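Trainee: Listed below are the residues making up each chain.
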Amino acid sequence: MFKKILIANRGEIAVRVIRACRELGITSVAIYSDVDRASLHVRKADEAYHIGAPAAAESYLNMAKILDVAKRSGADAIHPGYGFLSENAKFARACGGAGVKFIGPSPVSMEMMGSKTRARQEMEKVGVPFVPGTSRGLESPEQAEQVAARIGYPVMLKAAAGGGGKGMRLVHEPGELRPALEAAQSEAERAFGDREVYVEKAIVNPRHIEMQVLADEYGNTVYLGERECSIQRRHQKVLEEAPSPIVDPDMRRRMGEVAVRVAKAAGYTNAGTVEFLVDRDKNFYFLEMNTRLQVEHPVTELITGLDLVHLQIRIAAGEKLPFGQEDIRIRGHAIECRIYAEDPDNNYFPSPGRITLLLSPSGPGIRRDSGMYEGWTVPVDYDPLLAKLIGYGTDRGQAISRLTRALYEYFVGGIKTNISLFRRILTDADFQAGKVDTGYLDRLLKSKAPEVMGENAEVAAIAAGIFAILDPASVVGNGNLSPNPGNKTVGGVAVSGWKKAGRFEALD
Amino acid sequence: MLYDITIDGKDYRLELERADAGWRCRLNGREIQIDAVLARRDVLSILIGGKAYEIKREHIANETHLWVGGVRYAAELRDPRSLRSRKGSAADDKGPKKLYAPMPGKVVRVVVAEQQAVEAGQSILVVEAMKMQNEIKSPKKGTLQKIVAAEGANVNAGDVLAIVE
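Respectively, the protein sequence lines represent chains V and B.
Residue numbers for the first sequence follow the numbering used here, so the first one is 32 and each next one is one higher.
Residue numbers for the second sequence follow the numbering used here, so the first one is 8 and each next one is one higher.
Derived by calculation from the structure, the hints in this document are not laboratory data.
Incorrect hints may have been included.
[Said to hold, decoys possible] Heads up, simulated DSBU-like pairs for lysine-lysine below, C-alpha to C-alpha not over 35 Å straight-line:
| id | chain 1 | residue 1 | chain 2 | residue 2 |
| --- | --- | --- | --- | --- |
| 1 | V | Lys197 | B | Lys144 |
| 2 | B | Lys148 | V | Lys477 |
| 3 | B | Lys147 | V | Lys132 |
| 4 | B | Lys113 | V | Lys466 |
| 5 | B | Lys113 | V | Lys268 |
| 6 | V | Lys479 | B | Lys104 |
| 7 | V | Lys295 | B | Lys113 |
| 8 | B | Lys105 | V | Lys479 |
| 9 | V | Lys477 | B | Lys17 |
| 10 | V | Lys121 | B | Lys105 |
| 11 | B | Lys144 | V | Lys268 |
| 12 | B | Lys144 | V | Lys477 |
| 13 | B | Lys113 | V | Lys477 |
| 14 | B | Lys147 | V | Lys479 |
| 15 | V | Lys477 | B | Lys105 |
On a predicted model such as this, the values are computed, not experimentally measured, just so you know.
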């Protein structure tokens, strides 16, 4: 078993992996950039090393610096988390070269699955169902037109090296194809350094359902149930659940067996996820494989009772899977919300800043994987994921009510967050009926938000006065308020910070 | 203590002081029995007629919000006996309103010229940050008195961008 693991990541996932290390008695090593010195993951780790300027290329994406820290700290393994270098075959190889075990699949499997066209080609060989289209990059606009005419519009153009919705274009008619192809290729070039674009039939409002797989280094491969991830905004997942409301045990078995076949064809080891698109008739098509641990792994952990990060570490340390497919049971239902520092009233614009007040929910069926704390300043330099809030219950209804209750308790003061979005989703009739697809959230956001009844304005007015007396605050600098170090008086009358705020306004 | 309070644009007059074991409270002339304790900085527990309210306070971009349960209210408070308040508060619709940068970025476009008339919600300028464009809108109907941050200027969160009168 490893003695020391370096976590090549930050934020909530770094905290999650550090916790697993502590539980397994393994020393954890954190890395941090200039703006992450006071981050939660640095505080929770056993060791921590500074790696550079905030820009990811100077820090969390910098392979040489990370391997140097591994060497200096004596780490014998690296856990890459998700994002950053987690699906970088070059990095996985470099770890091997440095004598440090990369906790994840082999560089060869990563490369095979990392290119979507190559993944399609390999999957064709093993009879995995996938969306009609090309398995190779388009060579010319003429070829694109021919294929699109054959498979039928609407079609989706996608970047082979892509992810996160970049380099994707939905094309409804032949006339749109050429300009869309050019745009997709340029965007792919800019985002991934690779112009290769392929085409697939666009399934109208599909569901995005993915299957968790786990394989040891001895060929034992299992599936751990599916996750429904259709609730997305701009191709980014926002809310996920397990199991999917439309997958019955037979469909689960069929999808799971295909996922295992995919993993085995790729020679896959450790944790991975096979993504499917599912149409209205519950036909499922292979979309791609993610060769890493995913953000939404907690929902699978809760319904299976398994700790995926523990298992990742143990598999990488050479242990055999301690169970077989027949031992895996799905029990209950889990739903996860991704809490982001974003402004829902302003097109979800990132909203960094200092968290002045944090009231965190807990209680029955609630799990919170968080990277934030009260007093922390959310940096502008990275993805603004603050925390994941997961509700678990015996059935979907109970998971929904627990999560709704926990969201009611959750308060993040000082910055804007997308918490209000989840209240809207969880109370929506279509969501409650399990009627979701990848177009769901766009439709919900286009519809009018329910009026928030402001019946407690009088209570707010009274509270304003009480705060002024019991908890005055003073205005500093650019308008950010901080606690008054001592109540000041002018002529015997207590001067409250609120009054100073009024003075600040009136003068200009 | 006497306070003029505005909650979501509506004005209230509050008389409030500590008395014996509790509080004496009169809102817009109406006496209300309240019990209030500060649980911790920025968090109040108020009981009125047996109903329990948890109130959270935060400040964002020069605005103060009070959250009663899960509902947010914009709040301003003035002591009407202060000299400042007798001159009239800048916090109402009749005074000039400043537009602030919500986060660090760069002014990429100024949409309206100085002295031009504007409506509430009209886009005044565009700030770009993290590859996204953010329209800064006028909070009220009036005239764009002054553009403080010119096109091309780099701004920090809380910087004044423009003033609408």
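Trainee: Decide if the proposed pair is consistent with the structure: B:Lys144 and V:Lys268, CA atoms, cutoff 35 Å inclusive.
Mentor: Given that 35 Å is the threshold and the Cα spacing comes to 29 Å, the pair holds.
Trainee: Are the Cα positions of V:Lys477 and B:Lys17 separated by 35 Å at most?
Mentor: holds, 29 Å
Trainee: Please work out if B:Lys147 and V:Lys132 have their alpha carbons no farther apart than 35 Å.
Mentor: violated, 60 Å
Trainee: Is the hinted pair B:Lys144 and V:Lys477 satisfied, with a Cα-Cα distance of at most 35 Å?
Mentor: Roughly 21 Å between the alpha carbons, so the hint for B:Lys144 and V:Lys477 holds.
Trainee: Between B:Lys113 and V:Lys268, is the straight-line Cα distance small enough, at 35 Å or below?
Mentor: Status holds; Cα separation ~29 Å.
Trainee: Can the restraint linking B:Lys147 and V:Lys479 be considered satisfied, given a maximum Cα separation of 35 Å?
Mentor: holds, 23 Å
Trainee: Has the given pair, B:Lys113 with V:Lys466, been kept, meaning a C-alpha gap of at most 35 Å?
Mentor: Since the Cα atoms of B:Lys113 and V:Lys466 sit roughly 42 Å apart, the hinted pair is violated (cutoff 35 Å).
Trainee: Given the hint that V:Lys477 pairs with B:Lys105, test it: the Cα-Cα distance must not exceed 35 Å.
Mentor: Distance ~30 Å between V:Lys477 and B:Lys105 Cα, so the pair holds.
Trainee: Just to be careful, I want the Cα atoms of B:Lys113 and V:Lys477 compared with a cutoff of 35 Å; is the pair within it?
Mentor: Distance of about 29 Å is within 35 Å: holds.
Trainee: Does B:Lys144 sit within 35 Å of V:Lys197, going by the straight-line distance between their CA atoms?
Mentor: holds, 29 Å
Trainee: Hint check: B:Lys105 vs V:Lys479, CA-CA at most 35 Å. Holds or violated?
Mentor: holds, 29 Å
Trainee: Holds or violated: B:Lys148 with V:Lys477, Cα cutoff 35 Å?
Mentor: Holds, at roughly 26 Å.
When held up to the earlier numbered hints, the structure conflicts with 3, 4, 7 and 10 and fits the remainder.
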